[in-house]
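Number of protein chains: 2
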Amino acid sequence: MRAVRLSAVNRLEIAEVPAPVPAGGEVVVTLRAAALNHRDVWIKAGQYAGLKWPCIPGSDGAGVVTSGEAGWLGREVIINPGFNWGADEHRQGTDFTILGLPMEGTLAEQVVVPQIQLASKPAHLSWEEAAALPLAGLTAYRALMTRAKLQPGERVLISGIGGGVALMALQFALAQGAEAWVTSGSADKIAQAVELGARGGFDYTLPYWSKTASPDQFNVIVDGAGGPGFEALIDLAAPGGRIVNYGATRGNPPGFTMRKVFWRQLTILGSTMGSPADWAAMVAFVERHRIKPVVSEVFPLAQAAEAFALMERGGQFGKIVVRM
Amino acid sequence: MRAVRLSAVNRLEIAEVPAPVPAGGEVVVTLRAAALNHRDVWIKAGQYAGLKWPCIPGSDGAGVVTSGEAGWLGREVIINPGFNWGADEHRQGTDFTILGLPMEGTLAEQVVVPQIQLASKPAHLSWEEAAALPLAGLTAYRALMTRAKLQPGERVLISGIGGGVALMALQFALAQGAEAWVTSGSADKIAQAVELGARGGFDYTLPYWSKTASPDQFNVIVDGAGGPGFEALIDLAAPGGRIVNYGATRGNPPGFTMRKVFWRQLTILGSTMGSPADWAAMVAFVERHRIKPVVSEVFPLAQAAEAFALMERGGQFGKIVVRM
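Which chain is which? The protein sequence lines are A and B, in order.
For the first sequence, position 231 (counting from the first letter as 1) is numbered 386 according to the working numbering, and the numbering increases by one without interruption.
For the second sequence, position 141 (counting from the first letter as 1) is numbered 296 according to the working numbering, and the numbering increases by one without interruption.
Okay, chain A solo, but in the shape it has when bound (with noise of 0.2 Å):
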């Protein structure tokens, strides 16, 4: 079969490899589309833990079961990229893995799975939506429902607009019945979120950015990049409100001003991926919603180098969709 096959730092070549060979419990799934996550750049650039070459990238696949066990065969599935979650609730265990690395990934013709990590494609979606909505929607899921546990009528700010999970997470707050504001560096996202049905948002490249919001207006904040932007959506908390982060692509923040986390009764949340429970929850209120998840482009596998060159320049707004 072909995939994408990363071998050396930043080495990313479109190989020929054998078919991969189910065991026990296991299915072949035959692809018909894969979606790119941050994680996978990361990987290609070597930034990793516990990083191996050769490997093929790619947590987020839909497809066909072609092999396996017999109650699946045949059937249109996703994947959940999570694996080994474990018994507690509140956190992964330590066996915890994410399907496109050490397990060989999507970015392929077929990749083999466990059985239960599989559910039903939505019927509502295309292929390229239903690639585009495992990791992210399950961390956004996680991120706002179940740890931040956002209400119907509450304010939610999402920081960085444009990101996958950041739309999911703008889709599920409106879903929610939640007034949803973002930030982006670009006033085009801004204006395609405020389109899905964002009330507004903010540049956050602007000098004083969050001075020109009202503080203290935000029940719930969901923020992936950290840094230096941090302590501007402290300010912008609602006192006892809840800021949830699922990443630091700005890396850390550079102070914590704890006397505005005590005095106003905020909670900060950290949230990555999901178990299975937030898993089953999410495709459950992906279905009941009929949400859509957004798709920024769709490159064929030929060019995944090109798809993995868009996520490196963070033009995208939506998910970057790899057709089989």
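Worth flagging that the hints you see were computed from the coordinates, not collected in a lab.
A portion of the hints provided could be inaccurate.
For identical chains, the list gives no copy identity; a pair is met inside one copy or between any two copies.
[Unchecked claim] Below, simulated DSBU-like cross-link-like pairs (lysine-lysine); rule was C-alpha separation at most 30 Å, straight line:
(1) Lys-207 <-> Lys-415
(2) Lys-415 <-> Lys-304
(3) Lys-447 <-> Lys-366
(4) Lys-207 <-> Lys-304
Using the hints provided, position chain B relative to the given structure of chain A.
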């Protein structure tokens, strides 16, 4: 009546002042004992928002109702030091104030407070113990129980043992059936905490003290210090654990390692004082478990300056009480 009067930065005197007069809904409590908090020291040093001179400090008091509406007359009471919390359990409202600034406080022979601030003095407590309870008990209860929701059998770490809130948190944690550990800069204080029931303690003045503890071991961490030591607390939190912070006596942490928080699914809970519901639950918990606040030293009102000096040195183990 006689009272501690602060008339300028670090100017403390025992003065004869007019006895307070109750308005509608208010009572006069003739105090038998009062207790100090860090807040009083900061007010004396001129380091507190909303300062006014002269003022009578003191948030903690226990005594007998000697004037006001009939229902409370003659009863032995303690005083909830948090006024006007408001309707939202998640956070205090903008009208929230603490007894002892701007309202005249308890370091006096009498104090006037709204009747709704009163609770019956728990029968198992001496006057000194009763005066030691309110502010520290309320703060510790909200932090440990309402916010961190400590469960029986969990492992809890309490930083800076010896302070009033930390000691109440230790006693509450033990009553809740948790396994409690402490930190201190003093081996003596750790030994005293172990006598109270702590399993053990760590001297945070030792370099790399937190490396001598196993990482990832505490389900709940209670901290009122912040500062450079906060990072070590993050390392000691179990994945999925909660760190509740109620103060920053050591200043702000100089950084914030976001990845440790999101990847390990930590929750950081800011907490301060407590609601009327927290107050009622705390008093009931203290009565049910017959908890006696630790009193470090008792001074007569005439020696209130020495009581402040002891707190300024940080030499206490438990509450510093002033007897009227």
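To see whether the hints hold, each was checked on the structure:
1. Taking CA atoms no more than 30 Å apart as the test, Lys-207 paired with Lys-415 passes between copies only; the shortest distance there is 23 Å, against 43 Å inside one copy.
2. Proximity of Lys-415 and Lys-304 under a CA criterion of 30 Å is satisfied in both settings, with 22 Å inside one chain copy and 22 Å between copies.
3. Neither within a single protomer nor between protomers do Lys-447 and Lys-366 lie at most 30 Å apart by alpha-carbon distance, with minima of 34 Å and 47 Å respectively.
4. Taking the shortest alpha-carbon separations for Lys-207 and Lys-304, neither the intra-copy value of 37 Å nor the inter-copy value of 42 Å comes in at or below 30 Å.
Going down the numbered hints, you'll see the structure goes against 3, 4, while the others check out.
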